[in-house]
Amino acid sequence: MSAKPKLMRDVLIQEIFSRAQKDRNIIFISADLGAESLDLFRAQLPGQFIHPGICEQNMIDLAAGLAMSGKTVFTYAMASFITARCYEQLKVALGAMNQPVTVVSVGVGLGYDDAGPTHYTTEDIACMRALPNIEIWTPSDEESAREITVECCERPRFRYIRLERPALARAHHGGFRAAMSQGFCEVAPGSDAVILSSGYMLHRAMAAREQLKMAGTEVAVIDLFRIKPLSGRALTSHLSRFSHVITLEEQCLAGGFGGAVAEAFVDHGVAKPLLRLGLPDRYFFENGGRNHVLESCGLGTSAIVERVGEFLAPSHRRSAHLPNVPTLSSF
Amino acid sequence: MPSASPHKGRSAGTKVSYESLAQKSHWLRRKLFEMVMATKKGHIPSSFSSVELLVALFYGGVMRYEPGKPDDRDRDRLIVSKGHAAMALYPILADIGYFPESELTLFTRKDAMLRMYADPSIPGIDAISGSLGHGLGIACGFSLAAKQDGRPQRSFVVLGDSECYEGSVWESACFASHYELDNMVAIVDRNGLAIMGKTEELCRIGSLEEKFRSFGWESVSIDGHSYREIAEAYGRVGHTKGRPLAVIANTVKGKGIRFMENRSEWHNRMPNAAEQEQAWRDLETSCLSH
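Quick note, the sequences are listed as chains S and E, same order. Just so we're aligned: the first sequence equals residues 1 to 331 in this note's numbering. Just so we're aligned: the second sequence equals residues 332 to 621 in this note's numbering.
The shape of chain S in the complex, shown without the other chains:
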């Protein structure tokens, strides 16, 4: 039986801490977001831990100044506040000056259960991927979180790392590092279609795959963990053996994960049917928890199975030359 999975933030902080003990140039800045693992970091390396107040704007500008002075800098805060809240600073100080700072967010998507639109981060892929010079990585388990952190420590550059709040089960089995250069890897085989996802939703894709399999449909699952830069050529080439492609994200569809894949299709002349599953174009105020909100948006596992089934149905296959874009009425 496998050990209880660790929180991604603990994996990341422990990796940084072990390196920071030997490298005093590593600086960790948290805008008032704690973690058990961070307590040890703060206690043992007080000079390398900075609390800038709940001031995300200053945190990012400060990080740029530190990086320009030769420091390896990690900034850390709740996903909603380290993205949109300080977007201008990300653009000007880190993007335009191309500073090697790792921006770590926790609680992407609807990760802060019941918190509502202030804490839900359902547009971070759309806004962050519009920034030139940035890389965007979404780990889906301990292994990917650790390998991505190692990369950030060893080859720092302007990166946005999207961490899940709860611990996630294992999705990778030792092969993550080898896949890092291309930015995606197939985590489950299949031949009828393929679901592209990442992070929390990757696990939902896996669950949907199991249900589809029971119904006789073999769907592959690909962890597209680096949405920028997207290896468009490698990805579209890898997808060539699938007739239908589905993207699954806990983000608004406008400019999100599926949008990036759709752009790659257009750019590389791929005309195959693409179903983009994501959140509807609205804010979410309802209580009931993350799963409830996802279910109400047609992103419960059964609903995904149904929508994928419909997408792959023979009637649809006949008109498969047209990309399939979901509308609000389909939720």
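Hints are supplied without guarantee of correctness; some may be wrong.
Said to hold, decoys possible - Some chain S residues close to chain E (C-beta under 8 Å, calculated; not the full set):
| no. | residue |
| --- | --- |
| 1 | S37 |
| 2 | L38 |
| 3 | L40 |
| 4 | P52 |
| 5 | Q57 |
Unchecked claim - List time: in silico DSBU-like cross-link candidates among lysine-lysine, alpha-carbon distance up to 30 Å:
| no. | chain 1 | residue 1 | chain 2 | residue 2 |
| --- | --- | --- | --- | --- |
| 6 | E | K542 | S | K91 |
| 7 | S | K91 | E | K441 |
| 8 | S | K4 | S | K272 |
| 9 | E | K372 | S | K91 |
| 10 | E | K400 | E | K372 |
| 11 | E | K362 | E | K372 |
| 12 | E | K572 | S | K91 |
| 13 | E | K362 | S | K22 |
| 14 | S | K91 | E | K371 |
Simulated from the structure, these hints should not be mistaken for lab results. As the structure is a prediction and not an experimental result, all values here were calculated from the model. Just so you know, even glycine gets a beta-carbon here, dropped at the ideal spot from N, CA and C.
Using the hints, position chain E against chain S.
Leaving out everything else, chain E in the frame of chain S:
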């Protein structure tokens, strides 16, 4: 002008007369006007209000730098955070040998190095500016890193008074105070004007001296065109143990060209031929008092 603190650069600590500094400001205004008139791009009044503040930093023995060596690691850092006036640095940076003077005539031209708003691709420019409210935060990073590494480097930031509307300025002010960044100096070009009018009429800022002091800074208000007062204020650099220093410099936007002085409509307007002649006549004479 008194030395600000012990130093090692050739520049810092140089004794110079107020008269020679006044001549430098006279030179800088003329150079800037020439630069702007060549392509009709740039911000004259905002640059002119900060001329004495910048001249004193570079030629008054305040900042540490090695002429001809923009990459010297221990040089003091300077961010003109009111980015529309960062162009005021260009003639100075050429003059101290950071890049050829011929670049000045190419200001904003296609493929030229000198841009309307500055960024670190230009030798001697330590951070990008143009969007307000970033310089103080970036300088906090410079200053904290210098302290951590035991380096003597200080950070100077020139802010606009209207820039102080930006909340991020106060996030950084809070940080600099808490982390005791006494190697940091904010110089506020308090010319009293935003693009659309007077700050105190548009949305009152009040006393920036008191605001910075309440954030835990050493804070002083001066006449930003008087070298005697600038010298006194800059003389405190390095002597504010545990506290960053804020110099609130009361200035005149457009100082040196009378028809532009204190007139917000000249923020980015270009003078016509007659106005240019008038401006040149004004720039022949120094309008400064010590």
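Structure-based check of each hint:
no.: 1; hint: S37; result: violated (23 Å)
no.: 2; hint: L38; result: violated (19 Å)
no.: 3; hint: L40; result: violated (20 Å)
no.: 4; hint: P52; result: holds (5 Å)
no.: 5; hint: Q57; result: holds (4 Å)
no.: 6; hint: E/K542 with S/K91; result: holds (28 Å)
no.: 7; hint: S/K91 with E/K441; result: holds (24 Å)
no.: 8; hint: S/K4 with S/K272; result: violated (40 Å)
no.: 9; hint: E/K372 with S/K91; result: holds (25 Å)
no.: 10; hint: E/K400 with E/K372; result: holds (28 Å)
no.: 11; hint: E/K362 with E/K372; result: holds (14 Å)
no.: 12; hint: E/K572 with S/K91; result: violated (34 Å)
no.: 13; hint: E/K362 with S/K22; result: violated (51 Å)
no.: 14; hint: S/K91 with E/K371; result: holds (28 Å)
When held up to the earlier numbered hints, the structure conflicts with 1, 2, 3, 8, 12, 13 and fits the remainder.
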